[in-house]
Each structure stands twice: as C-alpha cells, then as structure tokens.
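Student: Chains as they are written, first to last, in the working numbering: chain L, 1 to 264; chain Y, 265 to 891; chain U, 892 to 1109.
Hint data in this document are derived by calculation from the structure and do not stem from the laboratory. Just so we're clear, the structure is a prediction, and the values are computed from it rather than from any experiment. One or more of the hints may lead you astray.
[Claimed, not checked] Short derived list, chain L residues pointing at chain U, Cβ under 10 Å:
id : residue
1  : Arg72
2  : Phe96
3  : Gln97
4  : Arg165
5  : Met166
6  : Asp169
7  : Asp226
8  : Gln227
9  : Leu244
10 : Pro245
11 : Arg246
12 : Pro247
Even for Gly, the Cβ is constructed at its ideal location relative to N, Cα and C.
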Amino acid sequence: MNRMLTLNIFRYNPLDPDSTPRMQTFTVQEYDSMTLFIALTQIRDEKDPTLKVDFCCRAGICGSCAMVINGRPGLACHTQTKDLPAEITLHPLPFFQLLGDLSVDTGSWFRKTGLQIEAWCHSDDKAFDPTAEEMRMDNDLANEIFELDRCIECGCCMAACGTARMRTDFLGAVSIMRVARFYLDPRDKRSEDDYYEVIGNDQGVFGCMGLLACEDVCPKGIPLQDQLGIMRRMMAMHSVKGVLPRPLIETIKKKGCCHAHAQS
Amino acid sequence: MQIHHTDVLCIGAGLAGERVAVEAAMAGLNTIMLSLVPPRRSHSSAAQGGMQAALGNAIMGDGDSPDVHFADTVKGSDWGCDQEVARIFADTAPIVMREVAHWGVPWNRVVPGKHTYYKGGKPFEAEEKAEKAGLIHARAFGGTAKWRTCYTADGTGRSVLNTLDTKCLQYGVTVHDRMQAEALIHDGETCLGCIARCLRTGELVAYLATSTLIATGGYGRIYKATTNAVICDGGGQIIALDTGLVPMGNMEAVQFHPTGTVPTDILVTEGCRGDGGTLLDVNLYRFMPDYEPDKSELASRDVVSRRMTEHMRKGLGVKSPYGDHLWLDIRHLGEKHITTKLREVYDICTNFLGVNPIHQLIPVRPTHHYSMGGVRTNRDGAAYGLKGLFSAGESACWDMHGFNRLGGNSLAETVVAGRYIGKRMVEYTKGATPSFGMQYVDDAHKKVQERITDIVTGRKGKENAFKIRDEMHDIMMECVGIFRNGKDLQKAVNKLEELYDRSQKICLSSTCKGMNPELSTALRIRGMVKLAQCTAYGALMRTESRGAHTREDFPERNDKDWLNRTLAYWKEGASMPTLEYEEASPYYELPPGDRGYGGGVTIPNELPPEKFVIPEAAKENLKKAKL
Amino acid sequence: MNASTITLHVPQRSKIAGRMDFFQMASGVLLILFLWAHMLLVSSVILSPSLMNGIAWFFEATYMAQIGGPAIFVLMVVHFILAARKMPFKQDEWKTFRVHARMLQHKDTTMWLVQVISAILILVLGAVHMFVVLTDLPITAAKSAARIQSGWLYLYLVLLPMAELHVGVGFYRIGVKYGFVGRSKRKWFQKTENVMMIGFITIGLLTLVRFMLLNIQG
Ligand SMILES: Cc1cc2nc3c(=O)[nH]c(=O)nc-3n(C[C@H](O)[C@H](O)[C@H](O)COP(=O)(O)OP(=O)(O)OC[C@H]3O[C@@H](n4cnc5c(N)ncnc54)[C@H](O)[C@@H]3O)c2cc1C
Ligand code: HEM
Ligand code: HEM
Ligand code: SF4
Ligand code: F3S
Ligand code: FES
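Chain L on its own, in the form it takes in the complex (with noise of 0.2 Å):
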C-alpha cells in the first residue's frame, strides 16, 4: 500500500523579517515501518534543508520531536505514516517559544519550570558517605518512582491543555507530576507545607481544571491522571487542616487512587 502521502509543513522564520507563517506542502513516497521521522528527514535531505525540525533520538525517548500531528500533540518519530491518513498537517508546539518552522524551546521552559518547582531530593548531599551502605528502599516504591521519572519532557502535555493555553503561567500536569515524584521519595526531606508552598496556588495544582488531554496525548503513558488527583487531594486537604475535622481530613485522603506508599 505504498501511497503517496501529503504533508502540509507550518513554516516560518521568526529570524527573518519578511518570513510570515504559512502552510508549505510537500509530498513524500510512503514505504513500510514509515515513521513520521523518516518522512521529515527526507524533506529535509532532499527538498528543503532549511526545514526546522528536532529530532535526536530518533526512538522515542529523547522527547525532541515532539509536534502537533493533526491536531494532537505527539512525537513524530513515534508516529507511524501507517496510522495516519495520506494527508498530514504539522504544526509546531503551542504554549512554547517558536524558535522557527516546527521546533519550538522546551528546554528553556523546562528549567524554568524546574527552578521554580525546585524538582530535585532535597536531602543532605554533604552527608554521604562512600563507605556506608546505601540507603535501603522497597523495590515497589522504587518501581513506583520510577515510573513518574520516565517523563521525557516532551511538552505534549503542555501543549494539549487547555488551561496552560489560556493561562500561560500555569505550571501543568508534568510539573505536578514531578512534584508528587518527589513527594514519594523518601530522600527528599521536605514536608507538605514545603511542597504546598511550590504548588499549592493557581499556578500550580489547583489551576488544574481536570481536562485531561494532558494525560490522552502524553506518549510515555505518564499516569498524570493518578498524579494530579492524589496531590490535588493532598495539597487541597493540607490546607483545610483546622478547618475540618481529622477524621473527616483522613477519610478523604484515603479515598480513590493514592500512593501506596505515601508518606504520613
């Protein structure tokens, strides 16, 4: 089935003055286990090599090449031509700062974000002691890290909600994600009123409003879902602290998804 496949390219040069954006069409032979990425990078070898796009990994892994598939945020190396119709219409990232045609600035972002956030195990580093056994986890938990540090940084999520688009200091569902990865650890000493401080506003996790593209489009199946709801609860709960009852509080708390291992 070796169609002839239609891409309709957003370009445009924000370097250059007398670029305006436009949509650039090129057409590409499709061929077996076609990705998205094969298909750009044949544009680029051979029609136009002034094309901007990232790629890097070129396995889904990197979170490079992360862009709008026909409306849906995604990453084009992961993206099989088999899987879309003959015409494709990319777009770059929104949210992010367009650096030219599709390659947008998440880096910058990112770091930002992290900064703020203050995404790292806040423990006492100077106390480490290379001859001491390491300190012991259970494999579960590590498990479950692990599974919130797979994020790639791709900004699909960003791109795809509705509330970063509107509100662009909106910290999203991967930065509330991140938090609550820090939030399990163990290692990181900080306490709920710490983690509140970061993330307990309208920028942060209450700003939230529950529209979950974040977690349809997040390519790594990052259960954000799970994560949004259990800080949400928590942050939301640590802040009516006096105002309800415990118990009340508790029962709360435990109801619906929550980290098995959660601290108290």
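Chain L is fixed; fit chains Y and U with the ligands onto it per the hints.
Tutor: Okay, now just chains Y and U with the ligands, sitting in the frame of chain L:
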C-alpha cells in the same frame, strides 16, 4: 560577539558532562554547560540496560567484588585497556552507584525470597537473601562473571540523567542548550575555552574557561546504521582533533551491538538476552550455543556480533527488503516480564516495528553501537597535548574499554569517570592562574567565521554536504564494519581521502536567515570524515584482531607487536592522520591471557617482570579516588 | 531585590488557594446533592401529583423550603464566585480556548466549554426560576403545572439539559480532579455519568410532559 567567562566549561550535558558539572558546582566553581539539546535529551537517556558496579547484593552477584569486575573489564577489552584506569573504575563504581542513589536514583532493589530468573531461555529459581532486602539489585549482562548491572527497569540512563540534572539545577549549573561547540580556543599549550554557535540564532559566542571538558558522547553517525542519536556526530572529538595537538586514541575500536532492530536501527537492550532472550536463525534454530557453548547469547558483544554475521554469511539469515537479519526471541519471558522489566523494548517493538514481542519475533542484526576510541586522556582525564582540556564519557579514550567495552560499563564509566575526573578538574581549576589572550579568541573566532563564509558563499567549491555524508556512510558500512581486511580498508582510506578533499569545498544548497540547519550539517561533515579516516586508517595499520577489531587477514591477537594503543593526530594542513602508538597499559595487574570466549589464537608478548608490579603511586591514587 | 522591595517578596504561606479550591468542590457537591433531591421532589409528580404535594408540604412544614431555598441561592452564588475564577472572561482567553478545543477534538476539553456555557445559562435561567418559585410558595403540583402550561415550558426545556449537563460533567470532573476516579476507573465512570445524565434528562422531560398533561382545574 558575546563572551562568557567561567571557571569550568562542560561541552556536553550527557551523564559524563553533568556528573562533572555537579562536582564542579558543588565545589563552588562557576560552571557552564553547553549542549546541542536540553540536557535531558542527551543520548545517555537512551541507555536502557544498566550500569555495572560490583555491589554483590543480588544472589546471582553473590561473591562479586571490584576485583572480579576489574578482571571482566580487562578481559573484555582484550587487554587493550589501561589497567590503572580500569582499576580506578572498578573500585569506585559501587561508591558512585550509592552516591547517585543518595541523590535520588530509584534503582531497582532486592526483593527477598524465591524468584524465577532466566538463563539461556531456561527458567531457574534463585532465592534472594533476606539480609539484602532493599539494597540495589543487579541483572545479568554479557561478558560478566557475575550479575552486576544495576538498573532502573529499562530506563537506567533516563533515571540517572534525570537525577544528575536535578543536581545541576540545585547547584546552579548554568545550562546553555542549543549551543554547538565549533572550535577550541587555545594558545598552543593551554586550552582557554571554545567558540560555539547558537542553534537558536546562528550567532557565534565565545566561552572562556579555566578548564574545559569535552563530554560530547560518541560519533556513531559516521556510520549509516547506528544505534546512536542523530546528534552523535563527534562534535567534541572534531574540535579536539582540529587543534592538531590532541590525539584520538584507538579510533579503530568500534563496537557493533548484536541487537539493532531492522529497519530503524533502534537498539533493543542487551537486557533482553540477559533476562533470557535467545537468537534464532531463518529456521528458528537457536545457533549461538553451537558457536559459544558456554556463554551462548551472553558472550561479549563483539563475539556475538561476529557470530551472527558469520551465521548470516552461511545463508541462514532471514531475507528482508532491508537486508538479512536474524530473530530475537523473548516470547518465553511472558507478558508480565516484557511489559514491566522490558517495557521500553515492548514499546519500541510495537511502535517502531509493528511487532508484538509477546507473541512475535523481533528482527535484529548487528548495528554500530559504541566508539571505544575518542579524545585520548591520561588517568586524570586530562587530554594529551593541551593543558586545561579534559574529556570524559564516550567522547574520551580514558581507556578502560580497550578494544571492546562490556555492556553496562560505558554508562557506568560516564558517572564514575565524571566523579573522578570532576575532582581532578576541580583541583586543576583551583590551582590554575589563567590568562586569556584575546588574540587567541579572535583567531579561533576568525577561523570559524571564515569556514562559515566559505560554506555559505561557496567560494571554495560547490560540493553538497548531504552527498558527501552519504558517500562516507556507504564506504564505512561496506569496508570498515565488523569483519575487516586490508584490501577493503585500503579502499576506504582512499575514498575517505577524496571525501576529505571534497569536504573542504562544501557549499550550501539553501539560504535562510538566522539559524540554517543545513549549515550545521555542512560544518560538521569535514570533521566527521576526519574521524572516519582515523578509524579506517587505524584499522588498516593494525594488522591483528583484538576485541571488536577483527581482521580476516590477521585473525590472531598479536600481543608481541600490538599490545598498544593507536594515537591519531591530524596535523595542520594534512590530508591524512599521523599515527603514533603507546603502550596499552602502564603495568599489567592482570597479565595478558585468554578471554575465555571468542576463541582465537594469541601471539604472546614477553613482558619484563616489572610490568606486572603495581606502582606505589597508583595504589596511593586509588585510595584517594575512593574518598 | 533590595531592602525596599524585600517586604513584597516575603514568602506567603497562605492556604487560601487550597481552601478556595476545596470549597469550590464542596459547593459543587452540595449543589449536585440538592439537584438530585430537587429532581426527586419534582418528578414525583409522574407517580402522582399528591405525592409531590406531600413531599412539598413536608419541606414547607419543616421550614426547609423557606430557609433552604434562599440558602441554595446563596450556595449557587458562592459556587459562582468560586468557579468563575476559572472562567475565560477575557476575550483572548475565550478565543484561545475555543481554537484549542477545535484543534484538539478532545472530549474532556470540549466538555469544559459546555460546562462554561451551561453555567452562564443556569446563572440567568436558574435565578429567574428560583425567584418565581420561591416568591410563590407553597409548592403544589397544580401551581407548577399551571406555570408550565402558561409558557414557562420553554425555559425549562433549556434549563433542564443545561443543568443536567453542567451537573453531570461537574460530577465527573470532581471525581477526576480530586483523584477519586483514577486512570483505571475513568472509562467506567464516564459511562456511568453518561447513563445518569441521559436518565435524568429523560425523567425531567417526562416530568414536563406530565405537568403539561396535568389537569390544572382538578
Ligand atoms: C541505544 C543505546 C543504548 C545504550 N545502552 C547502554 C547500557 O545499557 N549500558 C551502558 O553501559 N551503556 C549503554 N550505552 C552507551 C552509553 O549510553 C553511552 O556511552 C553514554 O551514555 C555516553 O554518555 P556521554 O555523557 O558520554 O554522552 P551523551 O550522553 O551522548 O551526551 C553528549 C552530550 O554532548 C552534547 N554535544 C555533542 N556535541 C556537541 C557540540 N559540538 N557542542 C556542544 N555540545 C555537544 C550533546 O548535546 C549531549 O548533551 C548505550 C548507547 C546507546 C546508543
Ligand atoms: C450560577 C451559575 C453557575 C455557574 C456560573 C457555574 C460555573 C461553573 C464553572 C465555571 C465550573 C467549572 C470550574 C472548573 O472547571 O474548575 C463549575 C463547576 C461545577 N459546577 Fe457550576 N456553575 C453554576 C451553577 C451550578 C449549579 C446550579 C450546579 C449544581 C446544581 C453546579 C455544579 C457544578 C459542579 C458539580 C461543578 C464541578 C466542581 C468543580 O469542578 O470543582 N454549578 N461551575
Ligand atoms: C430552592 C430552589 C428551588 C426550588 C424551590 C425549585 C422548585 C422547582 C419546582 C417547584 C419545579 C416545578 C416547576 C415549577 O413549579 O415551575 C421546578 C422545576 C425545575 N427546576 Fe427547580 N427549584 C429550585 C432550584 C433550581 C435550580 C438551582 C435549578 C437549576 C440548576 C433548577 C432547575 C429546575 C428544572 C430544570 C426544572 C424542570 C424540572 C423537570 O423538568 O424535571 N431548580 N423547580
Ligand atoms: S508528562 Fe508525558 S507528555 Fe508531559 S512532558 Fe512528560 S512525557 Fe511528555
Ligand atoms: S490537560 Fe490541563 S487542566 Fe489539568 S488534567 Fe491536564 S493539566
Ligand atoms: S527524536 Fe527522540 S523522541 Fe523523537
């Protein structure tokens, strides 16, 4: 031109670069890290399998120790490695694994009780010890006597890179991503930093640093079929080689991985075989035990790759439009195992190949995977030829891998070397009194600017960069692959010489204001041809077979003449590299001997007895390294 | 930052955001419970007008209608104030969201737009409805039927689906936002919610039909 000043400049933000940056920043030094991509996109993130360190917690790693790890590493290297370095590595690896655990890596842990593991496709039971509960677990990898590969499911590179990156954030390492180093700034003796090209705007930027680290990873893209990322173009090695002063070590030592998938060349981890996956031929026959009765699929990579190629040459490969391949079978591991411990493999198969590995076979063939060679450094990571220049990780030839690195040893190398070399860099930086002569900055800047102008205007010629790249790919695949011989290598050398000449005359086929992606390729090709030539020429001259370097016309390992390391220099204005040789190791804690797999004949070397004595200085240094 | 501005940057350890979010959720839950109870009252007319009268009388006699009515109104206002923080009142926000929803073609995202639009309609129509009913107590099946037959039907034909949609989606969203419904239960919950929504609208329509057919004279 914008100029940045810093104490430590890390070119490259993979595991090696980040580990050094963390060390420098924790020591209070001002640190800037450059990268082509945001740090977490570095190719280290793609490493799935794990890192070797002799922790000995797993029951199958019981009795393991740095000594055993050291011996495995030296054997794996086919005695081509620097044994002092291999020793530092093996002894400090456990410390480094615990350190990153302290920082947040969610290593898989020992779960006490009976477990079913696989070896050679057959299940067996083993009981993990209760007293080891919760300590870092390990899995099997090829070429090792014990199970010692620490892992986090199959995203080891990802999770360790994430953790190091969080520490870079915490300690205030300045990251300049989309910044491509184009030339080193140096005064002939000392490295002063680099000129980089901003991949956002296309502008040139100068970085002046007391010490500079090259940690730019491998250069697999000189081959067409490689598991390496598209950014693994050897940028770091190129700028070092371009100085004419810094040599590349052992460039002919190139590793092919047994299980690159067809047609996309994406790697599926060695963990597949470690966990019990088997290799089948066109008749669905498991052939590895015939060649390697002992280790079968788990012999070291060079051996398995060669055996696979040998088997396919007998006509027993599976024919496909993309060429011959073999099958990898992991079906017997079961759905649960495949979708949890090997999930990334499962994803790759379903998403990129359209194969469901729970029920179907995975098409695989040996594919270029790792470059043992790189910027030659001494024990402390200091590059030969320029003071203040260091290198670590895959970009370096620190040389613990010799002619073949073991699976799990390179990822471990990045952090182990990063820690050790990071400390040496901190010492150096704190002791140095740099003087930055602006004329050297201008020189370097002018050189880069002129090349850009050459390429943009086409005043030197009208060669097309993509075409030269493709021709380089073809000749490397055809003549400098797994099996090598004098005739083919000579052909490759001649062709690459021609390509080098043409690569001086590249002209862009497009124009674009600001950052032109074609220019990035065009700027890199000349250097890539140089690296390819160092590889081909080194391989041509090395008339023996050692580790991954296999000469059909010289099948024996020749310790008498070749127990040494190739140093390739590219002198200013030359059209070919100049090769020099140095001893493989300052001393031989483990005397050259038989690897125990792979077969082959060795022509022995009569080493003087003092070569088998560990010098006191080395012992002292090792003690320091463990602090 | 210098000494003169530092006072503006003292970290605020305020818990107000969390509380607002919690009470937005709580107000939603209470309103849902109310609307279900309200449905029971009104649709009891399907079984028999006197049953409805009985229930109405019970509420009246216990003063629940007199106090509860205005209380519900207050609750609605509170809910409005809390939820309105999320509403795209700015023109470009509204436009961005609409364009986004059209691009994404994603159910949950589109449903949020439905929730916002229905909210505005409820605000207006619901307030009118409550005013009319509460200023003309006691509630009897006959009075209700008379109102509906005199043209209020059209208001209810809009208000009914709007209220049910808003409540249905809101119910689902509370489950999701507060993690009561995890990834594994999402499909099931969506289906349940749809069934409930359709069910309530059907009962509502039947109620309206019953009111239309009710003999006001009798
Ligand atoms: C698919 C795959 C799987 C692997 N699995 C394993 C495994 O299981 N176990 C194991 O031990 N090893 C494994 N390896 C090998 C191992 O991953 C690599 O050797 C190691 O990650 C290299 O790390 P690094 O820090 O040296 O370089 P990289 O992680 O490659 O980082 C290079 C950095 O340099 C930057 N850079 C490059 N050029 C320039 C330039 N010109 N200017 C500025 N910056 C530049 C890049 O942006 C990047 O940040 C695997 C390799 C591959 C390809
Ligand atoms: C007065 C008019 C009303 C307005 C303007 C309004 C507005 C809103 C808005 C904008 C939301 C979405 C909030 C978010 O996504 O974060 C919402 C949620 C909700 N509304 Fe309303 N609403 C109104 C009346 C009602 C009524 C009468 C009910 C029930 C009978 C109700 C039940 C709910 C529920 C259950 C939610 C979900 C709560 C949550 O997400 O926290 N609303 N409302
Ligand atoms: C305390 C306040 C309220 C009282 C006492 C009340 C009472 C009633 C009564 C008596 C009816 C029958 C029709 C009529 O008499 O006109 C009715 C119908 C209706 N009410 Fe209310 N109501 C209240 C609040 C609300 C609110 C807040 C909403 C919407 C969010 C609402 C939505 C409706 C709808 C949709 C109907 C039509 C019923 C159907 O078709 O089943 N009411 N209400
Ligand atoms: S959470 Fe998923 S979609 Fe979001 S950045 Fe991470 S991998 Fe991408
Ligand atoms: S799409 Fe956005 S609103 Fe919340 S559930 Fe996901 S972050
Ligand atoms: S290129 Fe790495 S995810 Fe697509």
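Student: Each hint needs a verdict: does it hold in this structure or not?
Tutor: Right, here's what the structure says about each hint:
1. Arg72: holds (7 Å)
2. Phe96: violated (14 Å)
3. Gln97: Hint on glutamine 97/L: violated, closest Cβ of chain U at ~16 Å, above 10 Å.
4. Arg165: Holds. Min distance 5 Å.
5. Met166: With Cβ-Cβ at 5 Å, under 10 Å, it holds.
6. Asp169: violated (13 Å)
7. Asp226: holds (5 Å)
8. Gln227: holds (8 Å)
9. Leu244: Holds: closest Cβ of chain U sits about 8 Å from leucine 244/L, inside 10 Å.
10. Pro245: violated (14 Å)
11. Arg246: violated (15 Å)
12. Pro247: violated (16 Å)
Going down the numbered hints, you'll see the structure goes against 2, 3, 6, 10, 11, 12, while the others check out.
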